[in-house]
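Sequence order for the protein chains is A and B.
Under the numbering used here, the first sequence has 81 at position 81, and the numbering climbs by one with no breaks.
Under the numbering used here, the second sequence has 85 at position 85, and the numbering climbs by one with no breaks.
Just so you know, the hints here were simulated from the structure itself, not pulled from any lab data.
Glycine included, C-beta positions come from ideal geometry on N, C-alpha and C.
One or more of the hints may lead you astray.
As a list, the in silico DMTMM-like pairs of lysine to aspartate or glutamate whose alpha-carbon atoms are at most 25 Å apart [said to hold, decoys possible]:
#, chain 1, residue 1, chain 2, residue 2
1, A, K56, B, E416
2, B, K350, A, D10
3, A, K22, B, E290
4, A, K56, B, E425
5, B, K350, A, D106
Per label pair, the in silico range of CB-to-CB distance [unchecked claim]:
#, chain 1, residue 1, chain 2, residue 2, range
6, A, D10, B, D311, 20 to 28 Å
7, A, D10, B, M328, 50 to 58 Å
8, A, L91, B, N300, 30 to 38 Å
9, A, A104, B, T400, 55 to 63 Å
10, B, S254, A, W38, 33 to 41 Å
11, A, D58, B, E335, 53 to 61 Å
12, A, D58, B, D457, 30 to 38 Å
13, B, D311, A, A110, 35 to 43 Å
14, B, P229, A, D58, 34 to 42 Å
15, B, A265, A, R67, 25 to 33 Å
16, A, D58, B, S254, 20 to 28 Å
Now the stretches of chain A that chain B is said to cover, found in silico as 3 or more residues with beta-carbon under 8 Å [stated by the list, open to error]:
#, stretch
17, 7-21
18, 101-107
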Amino acid sequence: MKILIIEDSDILRESLSHGLRKTGYLVDASRDGEDGFWRTEQDIYDAIVLDLGLPKLDGMQILERMRAAGNQTPVLVLTARDTINDRVTGLRAGADDYLVKPFAFDELQARLEALLRRSNGVACNSVQVSGLTVNLTARSVTVDDAPITLSRREYALLELLALKVGTVVSRPDIEAKIYDEYVEPNSNVVDAAVSILRKAIDHSGETSRIETVRGQGYRLRQS
Amino acid sequence: MNSIRQRMVVWLALTVFCVTATFCGATYFFMRNALQEDFKRSAVEQLQSVANAVKVWTDGDIYVELNSTVLTGFAVGGDHAFVVRDVKERSLIAQSNSLNAANRTLEGLANASIYAPIFGVGSAPTGSSALLVTQIMPAQWGWDLTDTSVEIAPGVRETVVEITLAIDFAPLHSRLNNLGWLTFLIAVASAIAAALAAFFTTRSVLRPLRDLTHRAEQIREPSYSRPFPTDGPSELRPIAERLNALLVRLADASIVERRFTADAAHELRTPIAELRTLTDVALRFPTAPEQLDNVVRSCNDISIRLTSLIDALLGIARKDAMAASLQMTSVNPPEMLREIISENAVQIAKHGLTVDLQAPQDHKIMSDETLLHSILNNLVGNAICHAPHGSAITLEYTATQGSLHFLVSNPAPGLEVSDVSRLFEPFWRKDGQRPNQDHAGLGLALSLGFADILGFDLNARLTEQKIFEIILMTRETAT
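Here chain A stands alone, though its shape is the one from the complex:
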């Protein structure tokens, strides 16, 4: 899952980036509104953590421009403004959730998870597909009730496929969402990651849970 943080406080931005990376997310960060909005146009994110009081371009303006451009990425607004009016204005401008500073990192993480689940049409915090269970909160995976260990990137790939179970996820989407900006994406890397994931979650001699759809991408089988 790829998250964009737009926050002008260096300490807050770096702390959030560090914490979310440690949690398993891919994180991009911007320190002003103009750069942040530019990133929303250049890349695909699963969620955006947006501060409202930003230099150059206000957070509310970013929201309005994003929604006007048809960008439906879930946005969690992060601000010190806590009046009802501020919240209502933020939510009406297109924000999906609102978190008032100061906040607990756990709460931010939980809200982000909820946002990501909702945006993928998943109501509960785990996805179960024929013996494979992906716990989105604990970020753990079990196969036939046996826990398995995945690297951060493998888990990110599985989570992406699990959230869109039964739907083909294209290679560019996978590249965009499991590799951050500092990694040069190429199809071999995705294939290699899928191959490693298959070894971890499939039983030998059985049909792989991850189906390759030629010329399109990969899909997690529903049964």
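Following the hints, put chain B in place on chain A, whose structure we already have.
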């Protein structure tokens, strides 16, 4: 009695009642006199009636031809009485039946004259008090001149009679009594009417004031909406207009206060959020000691920034208290400026700035050293912080007799004329940029407050060449 309404009711009622009472009293005395005069006139008319009935014949015989069936007051049991006496003989000629029946007589009043009746008080035939009227009348002759055959006995022409009349006061007293009661009832009714009139008049007159009060009670923060109507009575219109102007100022002040509070909360929340997230993440994902060291340093930086912010906020909050505890001493602003420049030498060098101080070596003025230093430090610090890299800052200090004139100028290419008026607002920043560690966005607001306490004017302007100038000067020298 603090209520205007009560005062108006009481004073209006008293005034109306006093006027009415005076009118009633005057009317009573006028009517009383009129009744008394009327009573006397009636008595005189009765006297004349009796006089007309007195006949003196040519032979000297005198008698009274009074018809008691017509003048019933003189009949038996009547309350009128008369006595006719021969003045010369001092003999009784005739008296009314009312006296005869009561077996009494009347004595004429002393000093009676033939010119006009005189009045006195005596007893009526009934024994009650009565008005006495006495007049001396000569016999009326003249008809003998036209009838020459008439022979008149000697001395008859000189016949003079004294007529005394007594008329019971009872009818007069009864009428006076009625007049007194009527006057009293009118006075009471007037008092009640005055009270009611005062009450309703006051209520009517004070209705606009009551509406004004009611409207004032409905004023609520934060909007201070519902202005006072200005279409009321002309006496209240200036008050309503002033109150409306006051409401506008209150609303403006309320907006500024709310904005200040919101900004202060915002500025406090941000470093607290930084602190909490930093520590949350550090506790959740333990890191290497050297990274932990960075976390601790960041926490320390945040605490310094928070302290600076809270100090500035407290400075604004305690501004009034500071005004009461000024310590005025002889201070040397040029020396202070040199110290401030020296203290900021690192920042000046870091920004590649040149600072040109034009000031005399020494100039002593009486001021509070702490507050003045804070103002000068803020002004110079702002110039160093906001002047473009490599630009020049000019500090011009003009020494005059006991007063101060200090100008700070620096290039400000990003500033607009419309920004200048907002520079003194707490937390205002161009483009909403977050403050750095040294500047919480309160410096100019604080300086303005301190300058006001010390009796200085602090003004800012932006020249056409985008040179930002801020001037601190002693208020007496302001032009």
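Hint check:
Using a Cα cut-off of 25 Å, the hinted pair K56/A and E416/B holds, with the two alpha carbons roughly 16 Å apart. Between K350/B and D10/A the CA atoms are separated by roughly 21 Å; this keeps the pair inside 25 Å, and the hint holds. A distance of roughly 17 Å separates the Cα atoms of K22/A and E290/B; the hinted pair therefore holds under the 25 Å criterion. For the proposed pair K56/A and E425/B, the alpha carbon gap of about 20 Å is at most 25 Å, so the pair holds.
Of the supplied pair hints, the one linking K350/B and D106/A is violated, its CA atoms being roughly 40 Å apart against a limit of 25 Å. For D10/A paired with D311/B, a C-beta distance near 22 Å keeps the hint of 20 to 28 Å intact. Taken as a hint, the range 50 to 58 Å is violated for the pair D10/A and M328/B, whose Cβ atoms sit roughly 43 Å apart. Hint check: L91/A to N300/B, Cβ distance near 37 Å, so the stated range 30 to 38 Å holds.
A hinted range of 55 to 63 Å for the beta carbons of A104/A and T400/B is consistent with their spacing of about 59 Å. Separation of S254/B from W38/A is about 39 Å and conforms to the stated range, judged on CB atoms against 33 to 41 Å. At roughly 45 Å, the beta carbons of D58/A and E335/B sit outside the given window of 53 to 61 Å. Between D58/A and D457/B the CB atoms are about 35 Å apart, so this pair conforms to the stated range of 30 to 38 Å.
Distance hint check: the CB atoms of D311/B and A110/A are about 36 Å apart, consistent with the given range 35 to 43 Å. At roughly 40 Å, the beta-carbon separation of P229/B and D58/A lies within the given 34 to 42 Å, and the hint holds. Between A265/B and R67/A the CB atoms are about 28 Å apart, so this pair conforms to the stated range of 25 to 33 Å. Distance hint for D58/A and S254/B: a CB-CB separation of about 24 Å, consistent with the stated range 20 to 28 Å.
Here's how the stretch 7-21 of chain A fares: 8 of its residues keep a CB closer than 8 Å to some CB of chain B, so the rule of at least three is met and the hint holds. By the rule of at least three residues with a Cβ nearer than 8 Å to a Cβ of chain B, the coverage given for the stretch 101-107 of chain A holds, with 6 such residues.
Violated hints, in rising order: 5, 7, 11; the structure is consistent with all others.
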